[in-house]
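With chain A's structure known, arrange chain B with the ligand on it following the hints.
Here the protein sequences come in this chain order: A and B.
The numbering of the first sequence is the working numbering, which starts it at 1 and goes up by one.
The numbering of the second sequence is the working numbering, which starts it at 1001 and goes up by one.
Among these hints, one or two may not hold up.
As the list claims (entries may be wrong) - Derived pair list, reagent style DSS-like, types lysine-lysine, alpha-carbon separation capped at 25 Å: (1) A:403 / B:1019; (2) B:1139 / B:1083; (3) A:402 / B:1064; (4) A:402 / B:1019; (5) B:1119 / B:1019.
Please keep in mind that the hints were generated in silico from the structure rather than gathered at the bench.
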Amino acid sequence: MSYDVAAVRRDFPILSRVVHGKPLVYLDNAATSQKPRQVIDALVKYYTEYNANIHRGVYLLSQEATEVYEQAREKVAKFINSPGFESIIFTRNTTEAINLVAYAWGRGNISAGDEIVLSGMEHHSNMVPWQLLAKERGATLRFVEVLDDGTLNIEQLYSLINGRTKLVAMTQMSNVLGTITPVEEIVRAAHDQGALCLIDGAQSAAHLPVDVQQLGCDFFAFSAHKMLGPTGVGVLYGRRELLEEMPPFLGGGDMIMSVSLREATWNDLPYKFEAGTPNIADVIAFGEAVDYLARLGMKNVRQHEKELTAYALAALGELGPDIRIFGPRHAEQKGGVISFEYGGIHPHDLGTALDYEGVAIRAGHHCAQPLMERLGVPATARASFYLYNTKEEVDVLVSALKKARAYFGDAVRTA
Amino acid sequence: MPLEQLDELYREIILDHYKSPRNRAVPAEANVKAEGKNPLCGDEITLEVRVEDGVVRDVGLQGKGCSISLSSGSMMTEAIKGKPLAEATALLAGFKELMRGHEPGVELGDLEALGGVRKFPVRVKCALLAWTTLEQGLKGHNKVG
Ligand SMILES: Cc1ncc(COP(=O)(O)O)c(C=O)c1O
Chain A
1 MSYDVAAVRR
11 DFPILSRVVH
21 GKPLVYLDNA
31 ATSQKPRQVI
41 DALVKYYTEY
51 NANIHRGVYL
61 LSQEATEVYE
71 QAREKVAKFI
81 NSPGFESIIF
91 TRNTTEAINL
101 VAYAWGRGNI
111 SAGDEIVLSG
121 MEHHSNMVPW
131 QLLAKERGAT
141 LRFVEVLDDG
151 TLNIEQLYSL
161 INGRTKLVAM
171 TQMSNVLGTI
181 TPVEEIVRAA
191 HDQGALCLID
201 GAQSAAHLPV
211 DVQQLGCDFF
221 AFSAHKMLGP
231 TGVGVLYGRR
241 ELLEEMPPFL
251 GGGDMIMSVS
261 LREATWNDLP
271 YKFEAGTPNI
281 ADVIAFGEAV
291 DYLARLGMKN
301 VRQHEKELTA
311 YALAALGELG
321 PDIRIFGPRH
331 AEQKGGVISF
341 EYGGIHPHDL
351 GTALDYEGVA
361 IRAGHHCAQP
371 LMERLGVPAT
381 ARASFYLYNT
391 KEEVDVLVSA
401 LKKARAYFGD
411 AVRTA
Chain B
1001 MPLEQLDELY
1011 REIILDHYKS
1021 PRNRAVPAEA
1031 NVKAEGKNPL
1041 CGDEITLEVR
1051 VEDGVVRDVG
1061 LQGKGCSISL
1071 SSGSMMTEAI
1081 KGKPLAEATA
1091 LLAGFKELMR
1101 GHEPGVELGD
1111 LEALGGVRKF
1121 PVRVKCALLA
1131 WTTLEQGLKG
1141 HNKVG
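Next up, chain A with everything else stripped away, as it sits in the complex (with noise of 0.2 Å):
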């Protein structure tokens, strides 16, 4: 197997970009990636030969565009495997799909006394709606740690899970660190306990291969905008017996199998869950990204990132003492996520000076401040990879910050 970095590329027309005189080297793809032509093409397509409404139009362009939308479910399912269309819902975002299971689900099922278990590298995501229904509820979170090597400590996940447990959400990629969590055993534990289990893929939806039925988890969450799809668009799967038995998220058109002036019937699954005009072009263009992506072939794309982040472990660790890596430092136990700290140099300037080298990375507590703060700093700076990355530009990265940290100085360690 050979993989084509260079034809992957050209793909990108934002590739080819100059920034401040230097080419740009995107290395922020944990906050969102880039799309290639076929995405952007689609989106062109659908505006410009069938924009219509779908599920009510008895007209051809209506039909072609229920159809397009429709098959872009079906591509969804089979990427991540899911035994059928039923079980994909189609959201803003995951921060979305977490809340669609917090408010159908967690309302129903959490009480005073129950428990909810998470982790302490979650999104702010994976957080905040569990902390809203918790309060609400009277339910109590419990947190597996994060122990010094960035990994979770998974003896610590059996104590916590106990009969009172009632979900376990977990991510399956940390967006800081890039750990890799044992999701199969996590899930295991979760059901052992007769918990479900809601797994965080905004990252691994991106850059691992993924299949929920080997996962066995109850709900599994991502978003198109990672993974080369458009803005607008996430993904929520869940199990359908689960799926069938919740109230709907929100109500209005398109959800409904009928309405009355006093009460309605919902309609089948997956369209309960997506009430009113659906983001109809970003999903068909979102069909096409996972097209791409499934062409490459996830284990291609995984394998390339894991030579990209190993190369760029060892470049960056050679700065020396300097520069601080956080999270695991094999790249086997980790996507392709680097947070560090370098020359105590603040992150929003090394941002800053990366910039004039072309080098997007990101700076600051990456929606994470309880991780920040088991780190022990307030921000992090963040280089993130994703398939279209290249050594060469790890390189360039590698003396940006050598060129920041020439323009800094030394005397910056006074904070």
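Just chain B with the ligand, lined up with the frame of chain A:
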């Protein structure tokens, strides 16, 4: 080399204040204290001031932050120390105007060097942190006094 374009933002005086911040000691008998936070970047500062007879007698600023927020704070301490409250408040208003891209309306001196921050919208908050903290502190003081 593009890094040189950085000089527009990181003027020499800014880096100087960043590397050797002024007025870091807690003033004796401080009667104004305020804490400022910018959770987005994790910046946290503590400002303490001794106001006597309507004059900023002493001021101390501690904390962690990026070069822009720390140097802006350091320059602020120099600018307001020894000034009557009315003048300090005028500087505060003037600096805010500068950050909005307007004429400050007062003589800002070294602080003018921070004008380049305007072009980096996310960093304006950094530059303002010490100032909004001062504003908060003085509000409390005025209520008490
Ligand atoms: C692990 C993780 N969970 C959830 C989210 C939230 O995704 P979205 O903003 O698309 O809802 C992100 C995105 O930053 C993420 O990295």
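Against the structure, the hints come out as follows:
{"no.": "1", "hint": "A:403 / B:1019", "verdict": "holds (18 Å)"}
{"no.": "2", "hint": "B:1139 / B:1083", "verdict": "holds (17 Å)"}
{"no.": "3", "hint": "A:402 / B:1064", "verdict": "holds (23 Å)"}
{"no.": "4", "hint": "A:402 / B:1019", "verdict": "holds (18 Å)"}
{"no.": "5", "hint": "B:1119 / B:1019", "verdict": "holds (23 Å)"}
In summary, this structure violates none of the numbered hints.
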